[in-house]
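Could you put the whole structure together from the sequences, leaning on the hints where they help?
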Amino acid sequence: MGKFQLFPVQASTLAPEVDHLLYFLLAVSVFFTLLIFGAIFFFAIKYRRRSEGELPHVQHTGYTLEIVWSVIPFGLTMVMFTWGASIFFNASKPPNDAIQIYAVGKQWMWKLEHMEGQREINELHIPVGRPVRVTMASEDVIHSFFVPAFRTKQDVVPGRYSTTWFTPTKTGKYHLFCAEYCGTRHSGMIGWVYVMEPADYQNWLSGGAAEGSLADNGKKLFESLACNNCHKEDNTGRCPNLVNLFGKQVQLAGGGTVKADEAYIRESILQPQAKIVAGFEPVMPTFTGLVSEDQVLQLVEYVKSLGPKPAAGAIDTGTSSQGRPGAPPAIPAKR
Amino acid sequence: MADHSLTNHAQTESLALRVQFDTAAQQKDASQLGMWIFLITEIMFFGGMFAAYTVYRNWYPEVFAIASSSLNAVLGAINTGVLLLSSFTMVMAVRAGQLGQQKMIIIFLILTLLFGGVFLGVKAIEWKEKFDEHHIPGQAAFHLEGLKDYDQGHAQLFFSLYFAMTGLHALHMVIGVGIILTLIMQAKKGIYSADYYTPVDVAGLYWHFVDVIWIFLFPLLYLIDRHLGK
Amino acid sequence: MITEAAVEREHYLNASYGLKSWLLTKDHKRIGLLYLATITLFFFIGGAFATLIRVELLTPQGDLVSSQTYNKLFTMHGVAMIFFFLIPSIPAVLGNFFLPIMIGARDLAFPKLNLLSWYLLVIGGAFSLFAMIAGGVDTGWTFYTPYSTSYSNSWVISTALGIFVAGFSSILTGLNFIVTVHRMRAPGMTWFRMPLFVWANYATSLIQVLGTPVLAVTIVLLFVERVFHLGIFDPARGGDPVLFQHLFWFYSHPAVYIMILPSMGVVSEIISTFSRKSVFGYGFVAFSSVAIAVLGFLVWGHHLFVSGQSLYAGMVFSFLSYFVAIPSAIKVFNWTATLYKGSIVFQTPMLYAFGFIGLFTVGGLTGLFLAALGMDIHVTDTYFVIAHFHYIMVGGALMGYLGGMHFWWPKMTGRMYPEGWAKLSALVIFLGFNLTFFPQFILGYLGMPRRYHAYPEEFQVLNVLSTAGASVLAVGYLIPMIYFIWSLRYGKIAPANPWGATGLEWRTSSPPPVHNFEETPIVSHDAYDYSTVMGEEIEVG
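Protein chains in written order, with our numbering: chain G, 191 to 525; chain A, 484 to 713; chain R, 473 to 1013.
If you are wondering where the hints come from, they were derived from the structure by calculation, not from laboratory data.
Remember, predicted model here, so these are calculated numbers, not experimental data.
One or more hints might be untrue.
Stated by the list, open to error - Label-pair restraints from in silico Cβ distances: (1) G:261 x R:663: 25 to 31 Å; (2) G:213 x R:536: 33 to 39 Å; (3) A:629 x G:426: 30 to 36 Å; (4) G:250 x R:494: 43 to 49 Å; (5) R:991 x G:261: 44 to 50 Å; (6) G:253 x R:482: 47 to 53 Å; (7) G:392 x A:530: 54 to 60 Å; (8) A:526 x G:280: 38 to 44 Å.
As the list claims (entries may be wrong) - Partial list, computed: chain A residues near chain G (C-beta under 10 Å): (9) 631; (10) 632; (11) 633; (12) 634; (13) 636.
The beta-carbon is built from N, C-alpha and C at its ideal position, and this holds for glycine as well.
Spelled out as structure tokens, the structure:
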């Protein structure tokens, strides 16, 4: 038997906040449980039937009492609501200086990629003390990115990008789970998050970066797919120049604008006909089925690297908090 | 009229009165309330699809406009007329029931049946057209003219909803036709009178409901944004 | 003299014999017993799956069954228990049997429809059983798309069809109850003289009638997507898998109240009877049932806090979810207040009622954890949720069902169950239940995700405790099964009103005659006016 635990480790800035709410909820619950149990025991013993013929007095409804025991619990639940909602609200926006990680969930593994190009499967190395933002896509069904030590969880829905973030506060090795049932080996879709001292993290980064950074890989892919034949950097190509594009508003043919964010770039790769930039012909073929979700992420990262230079991860991707999928979807690997 | 039927109830209380009821009026009330509640469940049933329609139309308005204009509005309009007529004949059948005119009950029920049949026939023609035009979602050959490749998937959503909604509506029509057939056979036995025509009455409620669903389906699927699509 | 009368007298059980007299019966009491047999079968099927699940989870490695099999086990456990046991349990068995009697009616408004409802449940059950035998289904009882539409290779269609058909059983039962309550009450039985069990079933019927059709259409859309490749929820075509979740939970959250509300009604009857006192705050308890039914429709989104619905939708759903807590709290407080200065006896039904209040309190309070957004992110889809809803559905709904079965068993069968054994089993069930499910709260907060075939080693101790509890619980459930059957033959003959209760069902003989009453009762008192019953007893004595 492994080490026995009763309480999970606190390893993120969010964890103590959630735990404090837990203590409050526990206190309220214990109080009411004891109150009800105690009252039942006490009344049941004290007022047990002593003779067959006894007939208790009829009690009329006490309106004061009813109001008291409706209003007090209501007040308490409103405290719970406000507390819970404020934690949720504050945790909804990742800070601008977050380290960007890309994750792809597929049956039944997590593929994680760093900006510097390190790729990991079912393992994630991150430095302690820095916010980390994970942008996630799914190649097949719904998955959910869950790190109990960080108290975070986010469903990864196919066809859109989902985002979660956390700031680790303690070095160590923590469970990464898939929390949304995803098929046969759902319980095998697990991994480890390694939180390291920043120096160790730098070492780790330089140790494993044989494949070049994410943007570099994106650039190679960009060239091998011959994207650069049309997307030229001197505005002479048949397709829009991608330099200094990212994060700007783009004029569309047929009116309207769209922000060139991650979701839009992804859409333009997979469904190029969807939103044509004003002044261009719809000549680009779709790359649905030709590139995988992680290759799309590399291409997106390459376009990002062409500037303008943002603070890493500063661009709002239309996070998971938007009801409508950021990018109309395409599922390459469908059975 | 109301007085007339009330006194009749009092006189012939034993007529077709089931054991759990005390009076014929109670029995009739119960049947009608039962049907109204059933119709509420039907609203919730179709409501789920209307919800899906609302979401997707809001997401893909242009595609829905173009896909909508590919439907045959003339046939849709004809069917609307046919269905309204059938509702009228259904009302007349109920009226004949109130008056105790057994022959007229049968005649109007047969007319209703005919109109219902016409509706289903026209519907079948429409669906056949869709098959011929490759507007069947989920098929590799699916293609809707006037749309880019990218939007074909969204058009499939429209047609998925179109077939699901009109299909389930047609299924309700088929059930309605079955009910009316049963009523005709019963009516031929002469069991309905001014005192007891509840089955006709209640079937009428159902038939009108199916009619009303179509009154919502027709503009939502065929007409809205048609001018944008063309 | 009593025994003689019971042997001679004609009642609904001996009025006619033979299989046909049961399979074609229109008597709501017999149909209630048909339901009893059906759902008991499904309870033991679902229980067998649960046993296998718990045994598998004894060790961290997935060593008893393959992961594929494990996924099928928890799916079929959920399907059998929810759709074919809990949802029909109290309404279709006890409600069917007693709702008409309690309002002084000869039968439900539509007896044929009632029989049809039972057949629909049987047909639906047959489809699902077929799926289970043919190879099982592995989508989870929630059938989330796109897994259920495009990826699962199991018997999704047959199972979904079974649930669809059984849904109509539930709809028609609800419809029947509503019409019966509106149109079939005996003279003098005003709305505010109705027993709280009737109120609870009425509120439940509202949910069945309004919610179940949405599940039905969701299943139809799932069906056409899987079979004909219409793509309503298909992300590859711009469809939204989360829309499926919205539609699914629009029914399936209120469905929790389909399971718990009738139980609350049973508890109201029992608490009142065995403390010989009118339920404190009758009107509040009655209306809180309706309030739960209505509010229950506004909170489905709290199942989707981490699914990617908008931040603000999450906040609204969290806010509304807390509103449901209030009518539930009102009930618990009123039951407790009913005991105050009562005349309390500890018969088995009362023990179950106490068990219900205790376990429901814990289940309800932990629901407050899940409704808090910041907390839910951590505990949703973990064993915390499993523990919470088992406290509500097993600790609540099932305890109420068993309490009701003991309470009304003498009336249904004309025989008393053995009191000693019954008290023992109530105790065993209560202890076994807590041992099974309390550790799961801790497991969930530790982060053990639900639906895991294998799990990290550090979760083992708590899982072993849970499995140990499950074996105690299984014994607890088997004991009543045995002594109920035993009592049919050897139980003491039950008098008309063994508990000194006030309901109309106790004014007629045990078991009741075919049309429930020798003559239509006329009601002149409130639901829980014990002075009337006491007077009678003195007359008899």
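### Task
Run the structure past the numbered hints and jot down the numbers of the failing ones, going up.
none
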